[in-house]
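Trainee: Two chains, two frames, some hints: make the complex.
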Amino acid sequence: MTTQDYQIGVGLQACLVAVFGIFATFMGLGSVHEYKARASYLEAVGQREYGTEASLRVLEVSLGKALQEKPDLAAALMLRGWLGIELNDPKVVKESYQKLKDVQQNKGLPQGIADNGLGCALIMEIGTIKEADARKKVLEQAYQLFVSAAKEDWNNADPHVNAAICKLYYPERSALVAAAEHLADAKKSKNFSYDALVSYHAALGTLLVRAHLDKNVAQQVADKLHDEDKELYKTGRMLVRGANELEKAAAIARTESLKFKLNTHLALAQAKIVVWAPLPKRTLIDMCNNIAWQAEKNKTNYTPQQRQMLFSTAALVHSRIGARDAVAKYARNAVSKKGTDIGSLIQVGAAYVNSIQRAGTPLERSEHLKNGVAYAQQLIATPGADTATVYMGKRILANMYFSYGDFKSALATLQSADAPETIGDLSSAEQAALYRNIAIVQLSGKEKDSVGALESARKAMAANKEDAIAKQILAGLAGQIQILNIKASQGEKLPPSLPIISAKITGGVEAVSAENVAIEIDGTAVEVKAGNGGMFYAVPQKPLSEGTHKVKITASAQDREPATAESEIVVKFDDFIKAAR
Amino acid sequence: MEKIKSLIWYATIMLLMIGLYYVGRTYSIGMIEDFRLMEPVIKPNSMILIKKGTSVIRNLKRDDIIVYWRTLDGKTSMRIAGRIAALPGQIITVNLKEKRVYVDGVSIANAPAGIEVLETGIIIPRDTAFVMFDSPPQIEQRVGPHAYFVRFSDIEGRVTR
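The listed protein sequences derive, respectively, from chains A and B.
Going by numbering that gives the first Met the number 0, the first sequence opens with residue 0, and the numbers climb by one from there.
Going by numbering that gives the first Met the number 0, the second sequence opens with residue 0, and the numbers climb by one from there.
Since the hints were derived computationally from the structure, they do not count as laboratory data.
Beta carbons: idealized from backbone N, C-alpha and C, even for Gly.
Fair warning: there could be bad hints in the mix.
Reference excerpt, derived from the structure (chain A facing chain B, CB under 8 Å, subset only) [as the list claims (entries may be wrong)]:
no., residue
1, Arg172
2, Leu196
3, Arg236
Stretches of chain A that chain B covers, calculated by requiring three or more beta carbons in the stretch to come under 8 Å of a beta carbon on chain B [claimed, not checked]:
no., stretch
4, 251-261
5, 375-382
Looking at chain B on its own, in the form it has when it is part of the complex (with noise of 0.2 Å):
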């Protein structure tokens, strides 16, 4: 009997640490750096809960929020989150008369400064998204457009709230 309440002891403990280390594997609690960028829904230095892995990353849809890693002059890194707009094989486009950017011709979101030279239409190139912010950028933080592509390998997971 008692042989048997410690091997149902040692089972637990062992289901636990595999429950636990597949929980680490998935997902993480991360902060975001100090930008406004997806206020209101996502608030500057609050922590957000991240699922990662490749399927995550492979199966993202429009409109869900990621999480990726940019690198600002080569060195420092900074954890942004940003919203999917577009896939890979997308076309993006900029409607400059009504400030709209539009994917595969369908309406989406506000153009924020800097993308411009887009309006003729871009394709989003494999294992790469074009990521949106829900607030535009401050005029300090204007970027051109290649930072509004963010190549899989950056991407730490999906926002989970």
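So here's chain A without its partners, still in its complex pose (with noise of 0.2 Å):
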């Protein structure tokens, strides 16, 4: 080799080197971008573990470099959208999941995780539509978005989930039982996201706090979880089950305003649960303070009615277990000058009934009736306030007075519900209810009033005839018709075939009267005439022969089933002539 060759072979290998590092100067500046992007969307996920809101002001302004960098970033999109969720900006996750779908399918990949996320923002802004067919429309549009995404990846069970959360927004009752297929493939799939879980666990609790109240539904809901409770059917256990899902689900949130928004919603259900479940004090006291802390904490997720049945409730349980500033406490905040929800009123005056029967000593029972006593004026005299109101808080008062024995006070709060004015507007329950109560407190204490009982329980049944109390305060009274002691017996001026029948006749409180009264001898009418104390008499019209003769009586009167009874008599001739003698 010359020096010639020598010098253009290593002239060569120079341009070759040069050439390659030209190259490599390119693909290195290309990836540049895809350094910074990828470095931007790691400080982004450090964000992301924080969980506070200023770390995700922070991770927004990553996300947005890291974008910028690389557009078609595709964790980095998903990630936006998952942002989006967190800051309840539908628009932001539109926008992410939709730039994603973009992305995927150009690069020909699966758009399970796109469509997710797609049907994730209209369920988002579903809140924001007022018009029911359109809220109709977008929310099948996010159910078919999560179907698809489904059948794409069937193994995961994120969009299983998000297809059970979007089934429970449908009002009808039947949804449910499609909501809980859903769920029941997610457990199936055993393969959760984080997010996921905490929102399958709250759908489920979500799902059982709804279903318990239809049997049917309930029934239906427990055959398609598959549970390994058998009876989960069982609505009290669903009822309760719901509540720890809901638990579950704060518990294992991450971020403080996702526990927030659970706990608001655990709060209602446990509401339900503490008023009839019988549950341990240390339970009870905990559910209430939760109940309690929330109705007080959190002004905007609740309705103003959802509120006042938090507080009415959390005044009922701490009656229960003798709290008596907790009761005047939560009952004043029960109480709306704006309108107070029924249900509410009824608790509150349950809880200020509670805390006089269970006062240990007589100064406790008369302060809490005279707190209660003032809560109940303090609603009749409200401004403005509606018929049901006022009668609500007259029967409020009226049972307060009744726990405290004063039984007077009590009728008189009772009876002056009775004005034309208030009774109109009552349904026929509601009147039967009033009037029934008057005849309890009628029949109450040492002054008692039968006779006045008796007219209260028998307009009650006119009210309404279902009404089994009255129906047994008017069977009591009223009585069963009883013919008692029926003989014979020889009248001063009269002879021995002309004998005296008599019977005493009774039946609860009021007397029978001789015109329900009817006499045979022998099958022959006689007439009858009433005497002291329910007794009858009797005597026959045309003078009896020697011998036995039958004698029946039937008797009968308002509101008691009629009653008969047969005897029969001797007529002796016998004796009367030993007496002429």
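Mentor: In structure tokens, the structure reads:
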């Protein structure tokens, strides 16, 4: 090889190295954007771990930088979509997942994640749509997106959970069964993301709390869920389990805002449980404290009626454990000048009644009565209060007097509610309840007014024939007619052939009248006369022969079953002849 | 001969550097925060050898002791050691009567306070491990169930001794 050849070879090698160098420079410069984008993305991921509002703002900025460097970075688009959900911004969610869908489509990759995200965006938008038809349409679109995402990757629980949440928005009870099916599919996959796991338990809790209201739906939901608890179909059990699932979701939620939101739903479920479930005292107090805390701190996530219900429930539960100050405090919070839900009024009234009944000393009882009377009178005197509220106030006041043992005041209060302007607005069931309560008060205490109570019970039955308690009172007061001591005796100025037939007829508070008594001697009706103390007398119209004669007595009265009794009398003339001699 | 000796030296140094690099990437030495959560296996403020790497995290098994980072109040990060109790797809339940934790129906440990709400069961999500501690947390350290879930991305590595 000559020197010239050697020089040419070296020159070629140098050119080759230069070309490679330029190529590598361009490659490097091109990947600078990739590197910067990934660095910003990783910074955003790090901020996500903190979960605070401040960190979410930093995350937003980092993601912005990442997408500026590389607009089609799929991971960053997914994270931006997640951020939009956290910040409750459906526009950001929609933009991010639509862009992701386009990117995945161009690369020929599955679009399940994008469909899932777009479905979430639609769900978030539903809150802003007022028209029912439009809402239904959007809901259906979202549901189809979730179902499509689930079909693409059946073993991924996330779209199943979202489809279930979608179904929970439908008003029909049958949608709950479909939601249960989706949740069962999600559970079968055992492949949740952390956020989907939180949503799963929240959705399951919401589903169970709603389903427990209808026995048939509860059974169907329990069948679809294939839960380890084989008695989940029992509605009370289902409600308790629903609250447990919501509590679980709140316990594992990572961000404070989500925990707070889940706890608001949990409080509503717990408010239903504490009223009837026989819970240990510690559990009752914990639940009640959560309910009251949520009602106090959370003014935006509840409707006014829901807040009133929570406060009144807290008052009711505290009345059972003797916390007097708490009862008064929550009762005040449960009442609103703009109008109070009737259910809440009833609960607060019951709270005061409980407090009076459970008070340990006479001083405590009178204190509770004082607070309760003040509450009820305030309610009655509320300016612009409707008839239903005034009536409820009077009922509550009467209940309190009754519990305290002041039957006179209780009766006066109830009778004041029996005014034409009030009674006319009440339903037949409520009218019956009012009269029935009046009857109960009239029968209480030392001075019983049985006749008055009978009249009140009759009014209650007239208002509502199905009122079982009024029926019972009436039967007790009216009593069963009994015909006793049928006998024949001889009158002073009458011969033995004209014996005086007598019988004692009893039947409750109201005496049987002579018009309602029929006496037959040997099948012939005779005139009946009433005596004192329920005695009735009859004399045969024609003389009777010596021997045995049949007497039949029939008695009837209002609100009582007619009674019949038969007997035989023996007529003997020997005694008369002996007496005459 | 001299040239060969130099080459051998250079090769040895290169191999040493590659070896150190590999060891540095795979292992690290760390100190656990002053919690007595893993006593007596790991004492607080003690130095431990941690094996790192994606393959280590992907191959974690139950009872492996891991080291992970936990952020408190969004500011301070702390290094904590814990024992893997359950991995993605497994179901954790708590028996309140026995006060025991079950994984896929098998009793594994006493239940610490604060996870009673998991009585009806919970599936471990993907890329997450459920971690428990050999010594139960003290009252002031008690946390809710979410603290027992550790993301794989937070795991520094597995403790080797």
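Trainee: Under 8 Å, Cβ to Cβ, is where Arg236(A) needs to be relative to chain B, so tell me if that hint holds or is violated.
Mentor: Not OK, violated: Arg236(A) not within 8 Å of chain B, min 11 Å.
Trainee: Quick check on the hint: Leu196(A) CB to chain B CB, less than 8 Å?
Mentor: Constraint on Leu196(A) satisfied, holds at 5 Å.
Trainee: Given as covered by chain B, does the stretch 375-382 of chain A meet the bar of three residues or more with CB within less than 8 Å?
Mentor: violated (count 0)
Trainee: Would the hint on Arg172(A) stand, with a C-beta cut-off of 8 Å toward chain B?
Mentor: Hint violated; Arg172(A) Cβ to chain B Cβ min 24 Å, cut 8 Å.
Trainee: With a Cβ-Cβ cutoff of 8 Å, does the stretch 251-261 of chain A contain at least three residues near chain B?
Mentor: holds (count 3)
In terms of the numbered hints stated before, the structure departs from hints 1, 3 and 5, listed from lowest to highest.
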